[in-house]
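K.L.:
The residues making up each chain are set out below.
Protein chains: 4
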Amino acid sequence: MNIRNYKTTQERRKAIEKNFTVDLKNIGQSLIDDTVAQTRNCENMIGFTQVPLGVAGPLKLSTINNQQSTMYYLPLATTEGALVASVARGCKAITQSGGVFVDSHRIGATRAPVFYVGNLEGQKRLQDFLDTHRQELKEIARQSSGHLTLTDVTSRGVGTYRYVRFAFDTQDAMGMNMATIAVTQMCEYVGKHTGIRCISVSGNYCVDKKPSWLNVIDGRGIQVWAEAVIKKNILHTVLKTSAQKIFDTWLAKCMMGSAVAGSMAFNAQIANIVAALFLATGQDVAHTVEGSMGTTTAEVHGEDIYISVSLPDLMVGTVGGGTGLPTQREALSLLGVAGGDHGKNSQKFAEIIGGAVLAGKLSLLSSLSEGTLARAHARLARGGKT
Amino acid sequence: MNIRNYKTTQERRKAIEKNFTVDLKNIGQSLIDDTVAQTRNCENMIGFTQVPLGVAGPLKLSTINNQQSTMYYLPLATTEGALVASVARGCKAITQSGGVFVDSHRIGATRAPVFYVGNLEGQKRLQDFLDTHRQELKEIARQSSGHLTLTDVTSRGVGTYRYVRFAFDTQDAMGMNMATIAVTQMCEYVGKHTGIRCISVSGNYCVDKKPSWLNVIDGRGIQVWAEAVIKKNILHTVLKTSAQKIFDTWLAKCMMGSAVAGSMAFNAQIANIVAALFLATGQDVAHTVEGSMGTTTAEVHGEDIYISVSLPDLMVGTVGGGTGLPTQREALSLLGVAGGDHGKNSQKFAEIIGGAVLAGKLSLLSSLSEGTLARAHARLARGGKT
Amino acid sequence: MNIRNYKTTQERRKAIEKNFTVDLKNIGQSLIDDTVAQTRNCENMIGFTQVPLGVAGPLKLSTINNQQSTMYYLPLATTEGALVASVARGCKAITQSGGVFVDSHRIGATRAPVFYVGNLEGQKRLQDFLDTHRQELKEIARQSSGHLTLTDVTSRGVGTYRYVRFAFDTQDAMGMNMATIAVTQMCEYVGKHTGIRCISVSGNYCVDKKPSWLNVIDGRGIQVWAEAVIKKNILHTVLKTSAQKIFDTWLAKCMMGSAVAGSMAFNAQIANIVAALFLATGQDVAHTVEGSMGTTTAEVHGEDIYISVSLPDLMVGTVGGGTGLPTQREALSLLGVAGGDHGKNSQKFAEIIGGAVLAGKLSLLSSLSEGTLARAHARLARGGKT
Amino acid sequence: MNIRNYKTTQERRKAIEKNFTVDLKNIGQSLIDDTVAQTRNCENMIGFTQVPLGVAGPLKLSTINNQQSTMYYLPLATTEGALVASVARGCKAITQSGGVFVDSHRIGATRAPVFYVGNLEGQKRLQDFLDTHRQELKEIARQSSGHLTLTDVTSRGVGTYRYVRFAFDTQDAMGMNMATIAVTQMCEYVGKHTGIRCISVSGNYCVDKKPSWLNVIDGRGIQVWAEAVIKKNILHTVLKTSAQKIFDTWLAKCMMGSAVAGSMAFNAQIANIVAALFLATGQDVAHTVEGSMGTTTAEVHGEDIYISVSLPDLMVGTVGGGTGLPTQREALSLLGVAGGDHGKNSQKFAEIIGGAVLAGKLSLLSSLSEGTLARAHARLARGGKT
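Residue numbers (this note's numbering), protein chains in the order written: chain U, 6 to 391; chain S, 6 to 391; chain W, 6 to 391; chain C, 6 to 391.
For the record, the hints were derived by calculation from the structure and aren't laboratory data.
None of the values given here were measured: they were computed from a predicted structure.
Worth double-checking, as some hints may not be accurate.
Identical copies go unnamed one by one, so any copy, or any two together, can satisfy a pair.
Derived DSS-like pairs: lysine-lysine, alpha-carbon spacing no greater than 30 Å straight-line [as the list claims (entries may be wrong)]: (1) Lys19 to Lys250; (2) Lys250 to Lys237; (3) Lys12 to Lys143; (4) Lys349 to Lys23; (5) Lys65 to Lys237; (6) Lys65 to Lys250; (7) Lys23 to Lys12; (8) Lys65 to Lys19; (9) Lys245 to Lys12; (10) Lys349 to Lys65.
All chains should be built: construct the whole structure from the sequences, respecting the hints.
P.N.:
Rendered as structure tokens:
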């Protein structure tokens, strides 16, 4: 059996079922159209994986530049019982306390080819060329796609290699494919004019889908900060804990625990929320790796708690990739960020992720500080009600 | 609107649609049963996110203990065009070269509460208690679940905190919930007999869903190694490259590039393959963060290439969590690892992941070494045929 | 001029002076005997570098196992004005508060050769050999030196390489040379019986003189913990600060600052104190790199402060290396730990380092919390009085 | 006994000797003048620690900008037998192969206070102030010392903290004290005009004397690159090895070994050479921690080997600190870099360190590749001749 001989999703599925004597009925049980998916999103398609989608909210969110607040229901696709309930609880506590405040900064999609420069002289030669041909490189980027602007070029030489990190504004697209196409053309241009060969269009100095200090320190995609102050009485009624208990848990776990474990992530459960939001909205879920690298802070203010999260690296988009798929697009619509709007949608989306992450983290820290985590899981994962 | 007032998936979806004037038709377009999902996997469920599912294969795979080989078709749920095609190409090259060889070792699910011991004397007192009550702790684990065995206890003291990392054999379950429930009971037991309080049942020394050197060094879940030797003519015909080119790309990118970027992941694209397999088979996709931390090696053997991957931390299961959902279970069945079999299924599944990762990595390194990555993306992501 | 043609320290110095028209008078201005130094410690010797040696103390120190306390004057060789004064102030505050309490644990000198095993089968074969020949390996170590005992063997395979970390009890010697000699013989033994070749007797998995998470997590040399509670009035009179201020500084600097900087060292100034003590006592100062990787904690107790330090990796000795040199041996004598005493001296010495580090750190955190750091430096480094 | 009651080095030493019944004769056996040392470099001074000083060379060194080469004899203060001999051998091989080529770039001394900004609005407010008052900050730096120029200000906010990293050109001084004094004044200025309080003049984002990815990625002090190509016959005659063997050792040890150990240092023995040069020349030896974080590369060119080292973080000076002490100044004179020369001397000195590190590394990798490391140590450390 050669899977590439079959032309439709159904034919491929039937062939696999027959060949492996396996029943893939549910994978075929979808009423949505697979025409686009099988040509754009997935080769050798045999159907759909269906992941439960829940909502948590409302979450009141304001940007620090625009004091107007908006209410959001967060779409979370997950198979892990208790996650939606946990985020929902965090949303409730935050919203009742006045909402979450967010800020963001666009670093852009980065792609870093590695060049073979041969020696220190070659390092200088390549760097000089990059410094003196910025305009030409910008033009190559511009011509490769109307949605792409070269915004920064940094580089690092070691031995015979030079890693050049190109950063792009890709507006509302996550933009890795665009960036890769543009960088490929730039590498050809560099090669033609300098004779310096690109070994690989990605030299892992991008750094794509790998945990790395470079991304934590310099940022990637969109950087987001979110903060809230939770009042004493809400800590008591909604979260069943206190400011001091949350602080103690944060310090012992998110700071000291992460420090002694050699972790890059000084937080509680960023990856859970990032993964569920990414999945629901058609992001590349492998970017959860980068999204997980955030830092939480907590501070006792009287009997209230100030809590914040800093996310240095959210690679997200509202157009392209999986965002155009039927269910994913609807989830983006629910957040009011579907489609392109000159980069505003992707940035707003990133800020919502910041708020959602803060909600999830607040709720988990509360559970941990009270020793109820296991009980929540036991109850919900065995079919309990929220 | 309070989402918790609605009882069915459909009612909740309708309420959200009305409240936000948004159309969630496709999220509702599924023929599969949501009864279990909404009670076990997802609170406030409003439908399903549907992710295209493709297959790559066949992949010939042998364990080093049992020379018999098996052919697999890998189920990959993804929205990123070119991924399935890339893995498929890697499978073809590996299978034609005699297949991938794998080995694995079970570390187990780990959960690490942080205790407040107060001072150095308290450190000693807690450690002594743990050393002299191992049997009792084992018994608590045994009674909390029939599928759970306490296999190791390591700990680390710093200041007034002590982090105790309990490792469990959870057979075919990924096991974090089980482990958390058992550890909660152990903490209560410790507290009752020593007066030493658990600050948090998770002290981030577990380390769950965060990139960390502790997990890279000591491992977590199941450790997997996979290797293959790709023959010169297959490098040429299937992968359009050469052994030397793959080696050069690996060294400049996976080793030196990751080193200078401060990365924990010395590889090319582990996260992509892990995420797609996790999603298709009902794993917790947030565990992609841990799964991404692997190391690739490459070595020129004459004109052939030896290539390997070492994955220190795969938190996977074939029962529990999302593995029982309709489409996910079918994907596991396609691999012959659905359900429980005394831990054999989860370990076999982890080994298949190892093989799949090797296939994906080989293909990507080949593309990079030939400069064809951008072209593949441009073609496939715009609706081309594989 | 070939420096190796000259036979004495003086002849070499004269030759250099003539050749480079440079005056090295002071390098020759020593009354101590250079006979041993030039044959054991330094090739091509031309004289002595003279580093100012100060003392800080008394520091009251108790081990948690033996409640008897001892008073120490710490020998610190340094060229950095204000360092001795800073440690002295910390000693005063600690001693007046009842002293520092310490504990320690010996991991041992580790040396990790890397073997070429070729593939997964080779990995298994080497591991099996190591598992079944532990007794023989112990015997090789024993015969190579009477002061050396093999205590642990751990290993890690990746691709065609296997890193085997041998740990040794080297009693009162730091022991790297002994360990290297023993491991070289073990590698020959392994090679002869398995055909598996050692690529390098050090595979950087030791990890010697490099910052590494492996050493932080698993420890190396001697691990030390030190703690003290500083009373409110002493914080006020001696350190001119308060418990809350020290805590705030510690949290913002040692924890969060180190976290966002991607540091392995969650502390204030361990390296300064370790370097000065190492230099005064004839340790290998390059081991300061490992010694710098410690973690500080702070906790407000009413209006007192609990402060601690955890040092996972002190490679120290009281015999061998530079410890036998005239001035260095005297510094060890001042601490009562010169020479060998079945490992007791080196462990006691490591514990004293723990106490000294705590004193230095407490003083610096106090200065920082009060904004007086720059003033202290300005005054002392320009010739002020302590 | 209160050590501060004694006025001279000799009186203090006598008091300690009497109080502890210990003989510190050799610590007193120096003919050099201690007047300056005891007022500027070391409080509570009781004498000198004397460290054997050897020389290695000649080393032929050229900068890539100025093709003229210079011959250097490297002063190395060490107590570790075999180190000088090893560097000497590396110098010989490099010099006979045409010498080492170096390049360097000044990042400057960095000091990063942490401010308490309170929330996201405070983050913005502080950043705006820094952006709009750069000229005033520069002026404060200029007035605090004639040798200090503010060259860069970068910052990072997390929660209620903002870390602001000020970089200074400090010409030929290492400059930490100057930088601290200037930053203290800047913090006062910021506080007066914004009301935003500096928690600590050092927020560990500097990052001083701690291993950190921030310093590896952004650099600190002076960055240096050094490279050489060693000819086949010299590999054979001087180093008793081959290009392929050095490459194999480098790949298994410096790259893969460091990667799996979670190290920040992808090299062989940088710390040894940095420590010995720092000690001989009056640098702050605690900066060895930063100096150790370099990356080595190796590449086979036919039967020759290209070898390089990249040092991102050398905090060095030729004036101030310990550089004015009698023996230390002579060592700097031997290198022709004693005293100030508008920053040229410190940069030249950093480049020499790069060359020396390359020599040491080449020699060690050669020994390791041939299995002779232990033999060299056994012979030299027991009193053999080089």
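K.L.:
Of all the hints given earlier, name the ones this structure violates by number, lowest first.
P.N.:
1, 3
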